[in-house]
Amino acid sequence: MVPWPLYLAWKQLFPSGKKVSFFSLLSIVGVALGVNVMIVVIAFMQGFQQKFRKDIINAQGHARVVPLKPYADWSEIPARLRHAENVEGVTPYLQAQLLLQSGDYHAIPFCMGLQPEDGDEVLPVDDFLEEGMLRLQAHDAEDVTPLPTMEMLEDDVVFLSSQTANRLGVRPAAVVQVYEGNASLPESTGKRSVKVARLDPYVESGEWELLFEDQESCLVREAISGDEFTWETGEGPLDMGFGYPVFELSGGGKPFVAGDRFLFQVFKANKIEIFSPSMIEQAKADELIPPREVRVGGIFEVPWQGFQMEALIGTMRLMADMRAQESACDGFYLKFSGPVARDEAKLQAKCRELELVLEEDWAVVPWFVENAWFFELLKFEEYLMVLIMIPIGLVAAFAIAIALMTTVLRKIREIGLLVAMGGSRFSVGMVFCLQGFVIGSIGAILGCGLAILFIRYREVIMTFIVERIAGSDGQAGVAQFYDFHSLDVPFPWESSESLSTFLSFALFSVLVSTVAGLLPAWRATRLNPADALRSE
Amino acid sequence: MSEGNENLVLEAKGLSKSFRLGDGSIRVLADADIRLEEASSLSIQGSSGCGKTTLLNLLARLEKADEGKVSWDGYEMEASSSPSSRESVMRADFLGVVYQAYYLIPELNVLENILMAARLSAGANRESMDRARSLLSRMGVSDKERQIPTKLSGGERQRVAIARALINNPRVLLADEPTGNLDERTGGQVMDLLLATCNEEKTGLILVTHNPSFAEAADSRVFLKEGKLSSRWEPEAEETKANDEDN
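Sequence lines, in order, name chains A and B. Going by the working numbering, the first residue of the first sequence is number 2, and it counts up by one from there. Going by the working numbering, the first residue of the second sequence is number 8, and it counts up by one from there.
Hints may contain errors.
Here are the computed distance ranges between Cβ atoms for each label pair [said to hold, decoys possible]: (1) A:PRO4 with B:GLU134: 16 to 26 Å; (2) B:ARG27 with A:ARG527: 12 to 22 Å; (3) A:ARG411 with B:ASN132: 25 to 35 Å; (4) B:ASP150 with A:MET386: 52 to 62 Å; (5) A:LYS19 with B:ASN132: 18 to 28 Å; (6) B:GLU233 with A:LEU395: 49 to 59 Å; (7) B:PHE26 with A:ARG411: 24 to 34 Å; (8) A:PRO4 with B:SER227: 32 to 42 Å.
Everything labelled a hint here was simulated from the structure, so no lab data went into it. Backbone N, C-alpha and C define an ideal beta-carbon position, used for all residues, glycine too.
Extracted from the complex, chain A is given alone in its bound form (with noise of 0.2 Å):
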């Protein structure tokens, strides 16, 4: 059975004949728009906090074994790493300090070497290298340059970041399908067509003409040199060896007819210089020193704001050669699985262990603690929300109490009236605690509500907001900062953190509303039953 206080608290609030009161209504909706912002901004930022945990962790791995003496044998940790559980990749790297020029243009990215047979098993540079694809805009034109992959990197062969390859304006090879005169149209045409599956980066300019004979055969032309091969579409894509493009067919659809055409313009990657500290100082002793040569193989962005902007991706071989050092290494970046890769305090742990496993020489820092700093000031950022918002929720309580109190003041008779049929002051008293109570918990159950329906058309509230405020063109500049579409918000049933954020606020709206109404109800147990009756 509903005691009393509750059911006469809740009628109050929700009276017989009428839908919902004025008062109830509005306090009810000040309260869900409290816990919704709380809720809101508090989930975007631990968005934002977990979008940077994996940014990191692309870019440098759970952890990064330094070694503590210089130029410590390593070629045994690897192996060593990688028996130890849950350590699913270990990729050594080499930096070294390189100065960079392309004609009058001059820079001096971050330069790290790393070994291309390990793939992007910790780094994902594969994914960096998309992230970073320029593509030509022509007219009747369209850029079909195959993305570059790690598999490009060879010792005369450079990844530059989009920041780098533009302070030195070079960028790597690539290849447009043209689309003049009698060449075939694009697949969605529905036919068949041709695309170049691979451009190695030491590929040179051409003008590539495809002219199908038949169905199976085509003759492949090169306009410049005057190269000619004949392509049998049936035994597989087409090779040329070193140097040129992969052709091979693409997508279904109607056969080829003789005379299907298709033009490919095709342009080297630049070629940079790369001058060693040592070179330089030999260039300054007189010395000639030819600097070395390499390709531009790709260009990367990597989606970690605390990674270099001017870097330069290599083989360890380069860096060594331009180190002059054989066989050096500054450490490895490792991957976890398991609950290691999710586990801050156990991936502390594993550190801990695979420090006494590789001895004395090296340290295995965790991600977090390297960049602990960021991540110091991104807690202070919310605990600064929180401090900020909290005032939210204490408005919310005023006007509940103010509200209350004045329905105290309109209802002191009905107070006389209930201890006079019996009621106990303090009974009396809880009807408008329990109000509070009321609306607190339902302003926070519909608060998380609309905190869930937030954070589900996040996409589309804020494109619609920032679009009103920064406009169609100010969307791209705001997105590349605050990247609201790949926020990673997850909902309560998703992830422990996010429920503790619901909860919290959902409990600290109640809280504070049953608090607002304790001042009402502790007016109403003071009240003199006869002189509440006899009041006018």
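Since chain A is already given, all that's left is putting chain B on it; use the hints.
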């Protein structure tokens, strides 16, 4: 239970009450005694502001007296002490109250208003629901049970208030000017209903009223003047007095 009368349900002895007024005080009750037997009715008459409502509040233990004793069904209480929580519990079952201004809770409909008194006592259940409907029927407002009080006439509101006062089968019903806000005809109907129902339910009634004809309908009458209650007003004595005045 007071000695010598086992049928006594409510008794007050030596009730005195004064209110502070500036530096001095006004005595509204002086050494007042009230005795109400089971299923009997008592009317209290007096001029406006003479302390009739204060006397009812003292009997209901809603207000502290300066001195005196009140006993409910033999349970004796110092009238000058604050009411205990036990008295609150007892009050819900022992007393029913009806006021001039009805005091129906506007957020509840008629049925809910009546059941509210039951909730304050043992709780609302099927039995109390049936009794509420029966009382509404007896009061002639059974078709109004889903109405909210603001949609009712004054007479209907007071009938609902009486039904609410009777829902817990109280031993005593305190009625403070129950017809004060009603016209003569409606007031008469309501008073007839009140007296008849109390009689049927064997509920004691203390009725405060200005109206001599309503007061006359009670089993006994007292008059409050200058803080003092006159002795029981015998109907014969009143008639004699009236005849003397005519002569």
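For each hint, the structure was consulted:
1. A:PRO4 with B:GLU134: 16 to 26 Å: Roughly 19 Å apart at Cβ, these two residues keep to the hinted range, so it holds.
2. B:ARG27 with A:ARG527: 12 to 22 Å: holds (19 Å)
3. A:ARG411 with B:ASN132: 25 to 35 Å: Hint holds: Cβ distance 31 Å, inside 25 to 35 Å.
4. B:ASP150 with A:MET386: 52 to 62 Å: holds (58 Å)
5. A:LYS19 with B:ASN132: 18 to 28 Å: The hinted range 18 to 28 Å holds for LYS19 of chain A and ASN132 of chain B, with Cβ atoms some 26 Å apart.
6. B:GLU233 with A:LEU395: 49 to 59 Å: holds (55 Å)
7. B:PHE26 with A:ARG411: 24 to 34 Å: holds (26 Å)
8. A:PRO4 with B:SER227: 32 to 42 Å: holds (40 Å)
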